[in-house]
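Chemist: Add chain S to chain H, keeping to what the hints say.
So the protein lines, in turn, are chains H and S. Counting from 1, one number per residue, gives the positions in the first sequence under the working numbering. Counting from 1, one number per residue, gives the positions in the second sequence under the working numbering.
Quick caveat, the hints were computed from the structure, so don't treat them as lab data. Hints may be right or wrong, so weigh each one.
As the list claims (entries may be wrong) - Looking from chain S toward chain H, a few residues come up when the C-beta cut is under 10 angstroms (computed): (1) 31; (2) 33; (3) 58; (4) 65.
Stated by the list, open to error - Covered stretches of chain H, going by a simulated chain S footprint (3 or more residues, C-beta under 8 angstroms): (5) 93-100; (6) 142-155; (7) 181-191; (8) 303-315; (9) 322-330.
Said to hold, decoys possible - So the derived label-pair ranges between C-beta atoms look like this: (10) H:271 / S:268: 53 to 61 angstroms; (11) H:109 / S:342: 29 to 37 angstroms; (12) S:93 / H:48: 50 to 58 angstroms; (13) H:277 / S:235: 34 to 42 angstroms.
All residues carry an ideal CB built from backbone N, CA and C; glycine is no exception.
What follows is each chain in one-letter form.
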Amino acid sequence: MSDLPLDGVRVVDLSWIIAGPTATRFMAAMGAEVIKVGSARRPDPSTRGPAFQAYNQSKLYCALNISSPEGLELVKQLIAVSDVVIENFAVGVIDRLGLSYEAASAARPDIIMVSSSGTGHLGPHKDYVAYGSLLQHYTGWNSISGNPQSEPVPGGLWADPWVGMELAMVTAAALNNRALTGQGQYIDFSMAEALTAGIPGAILDYQMNQRLPETMGNRDARYAPHGVYHCVGADRWVAIAVTNDEEWQSLCGVIQRPDLLPDPRFADADGRREHQDELDAAITQWTILFDDHEATRRLQEAGVPSGPSLDMCRVFNEPQLREVGYISQIRTRDGELRELPGLPWRFEGGEEPIFTEAPVLGQDNEYVYQELLGLSGREVARLVEEEVIY
Amino acid sequence: MVAGLLPGVRVLDVGQGISAPYCAKILAQMGAEVIKVEPPDGDEARRMGPFPGDSPHPERSGLFLAMNSNKYGVSLDLASPDGAEAFKRLAAGADIVVENPPPGSLETHGLGYETLKTINPGLIFTSVTPFGNRGPYKDFKATDLVLYHMSGHAHGLLGAVEDPDSNPPIRAGGHQAELVGGMAAATATLMALYRKRMTGKGCRIDISSFEAMVNQLISGLASCAYGRPAPPRDAIEVEEAAAAGMVSAIGGILPCNDGYVAISPREDVQWERWLGIMDNPAWAADDRYSTRDARQKNSPSLWKLLSEWSSNHSKHEIARWGQEQRIPCFPVNTVLDLFNDEQLAHREFFVEIEHPAAGALKYPGAPYKFSNTELPLAARPAPLLGEHNESILGKLE
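Just chain H, same shape as in the assembly (with noise of 0.2 angstroms):
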């Protein structure tokens, strides 16, 4: 027992790469019991490393042929003892292998059972095979950034951790309608509408004015100054949103500039969007004298929002995530202590989240074979030995 949200919800977790693990991370830092289902016949692509020890923390993991029979069966039996399962093979895989939704909630029929996919498991083209990075781009969420008359950026990873975090959500949603009503779901979720659903300013603006949406950089249509200046060094750079006439005046004072409060082309947003050339050059010739963080520091002291544009590893070493706890050290079966990500939340007063290393294939086959479904060891010996917990 513990005080975690997820205290006595068990998992069984069929997805792989990333999105899918993704959710089934969060649910086990919060106090579920995930069950990773995997096997050797047809590994997890992102089995090893980094990537897999940030995905598939705070897991179990056990290994099942599901595409014999005897593996669909023992799956089976793990999902009559389960609240959630969690799948993102492509359209129609979790079918051929019988564990439909139908089967699924056969054998529990309270069971919430979590599919994702790129474009969904109903309609025309649900059988469109998919990568969350072109998914960015089919689903307008890429066509909304970019520096000025160029072509489409290639977009960094966006589609599967954001799927990732919202299939959290709507697992936790089915969970308090089954507390509610007992009733379990089957929910169908379609990654390109996630994105889609992140660009509702440009989609309104082109019913409003009939106009696709102009790529900025890192100007805004609002507000000025807004953007990266360079810092000494080589592709360092501060970020400076100024948002309202307060800032302006504050900027103006940080940056040495008194001169240009009285000009009344600066005066308000909309005369220094019109002038923002000038002003970016007015800028840079500040901050070109400071280190990006100390850049940031000034201007935060005078209450200019602003930061310095990371890079992953200076992200990595900032002291906020170490301070707040977001980053913590976990030993890991390599012998070293690392320093791995946790959860972007607090919970104040409650437990701390669980994390421990992640798990690897099989770890946990007598847990979940001997204590969970109640074989015996001479059984579990025989179904290893026919590839079936393999």
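Modeler: Only chain S this time, still in chain H's reference frame:
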């Protein structure tokens, strides 16, 4: 009346702008009864646009309308004794309060969690702020631009550039950091609500949008934890990394005669079929492109060859050919393409809602369908400022 998943759950949305209102919007579309509490001059999002004809109007801001559909709305001056009292009465009957103030501002009106939990011990109180309420940055001011850059995302968005010092990292459009903060808040809040159902306990949840953004890149963080360098931006360094086998998959966009298509025929079997679509060009036999490794290492020159071919075809045509061969491949869609997309149409993704001031508009719906429960996605338009003062606040007296 569609009940949704959360019948009887009452939420007070004290948020402004995007992050907290987005959290409350999710709760509303899941079926909670959400009351938006705005200051007398309205939520900041009413001034954010986009507006029809670019003409600002507090009841016609696209972002406000999108973030606040399916909520009720009241206006309250929390600085006045009457307003604070009304808010306390609302909070006494609520399950959840969501806010995104500058740190401590509900506090200054004597309406922080410590006060509210004395009148409602089971309350879940969710605060979304740029950096949370702890750590050296807790009082820093940040916007979507700042959070997108500080969290490492901007360095990955543009891909390789010739000269990083004249081609800075850029942010994504559309307030993505604020949306991530809101989604993290909804996720944590729904988990806390489940705990409340099981144990009766409330709690305070502190959400840092910065951490929520950083958390989108946990694989990158883990790479750093294993001593690996950050992915480079400089085109030459990117090529060197590719040559050293550090690029895991080829993929990207190709120019077409009507836009672009996004492809990634990374596996050998996919590549074979892709060559078939291109009528097996002679260059494919070249050693530089004959294996997956070689293609990754030589992806810049490979991309030029692919582009020469793709420029003669349309994006929808190439995407269809690719998908017919089971190769992940999609047109690079504009917003207009989305309205014409037959998959989105079949799934009824866009939801039309009639609003008294803004008219009928199509909003993005929910990317999920629950087999046993219909969601109230078009229950009501975003509230006019103070629209439900009488029906909700009136009842308190």
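Chemist: Now look at each hint and say whether the structure bears it out.
Modeler: Each hint, compared with the structure:
1. 31: At about 8 angstroms, which falls below the 10 angstroms cut-off, the nearest Cβ of chain H leaves the hint on residue 31 (chain S) intact, so it holds.
2. 33: violated, 14 angstroms
3. 58: violated, 15 angstroms
4. 65: holds, 7 angstroms
5. 93-100: Coverage by chain S is violated for the segment 93-100 of chain H (0 residues, Cβ < 8 angstroms).
6. 142-155: Three-residue rule met by the segment 142-155 of chain H, so holds; n is 11.
7. 181-191: Satisfied; 9 residues make the cut.
8. 303-315: Our answer is that it holds, as 13 residues pass the Cβ test (under 8 angstroms) against chain S, meeting three.
9. 322-330: As far as the segment 322-330 of chain H goes, the hint holds, because 4 residues have Cβ atoms under 8 angstroms from chain S.
10. H:271 / S:268: 53 to 61 angstroms: At 58 angstroms between Cβs, range holds.
11. H:109 / S:342: 29 to 37 angstroms: About 35 angstroms separates the Cβ atoms of residue 109 (chain H) and residue 342 (chain S), which means 29 to 37 angstroms holds.
12. S:93 / H:48: 50 to 58 angstroms: Given about 52 angstroms between the Cβ atoms, the range holds.
13. H:277 / S:235: 34 to 42 angstroms: Violated, at about 26 angstroms.
This entry does not satisfy hints 2, 3, 5, 13, going by the numbered hints stated previously.
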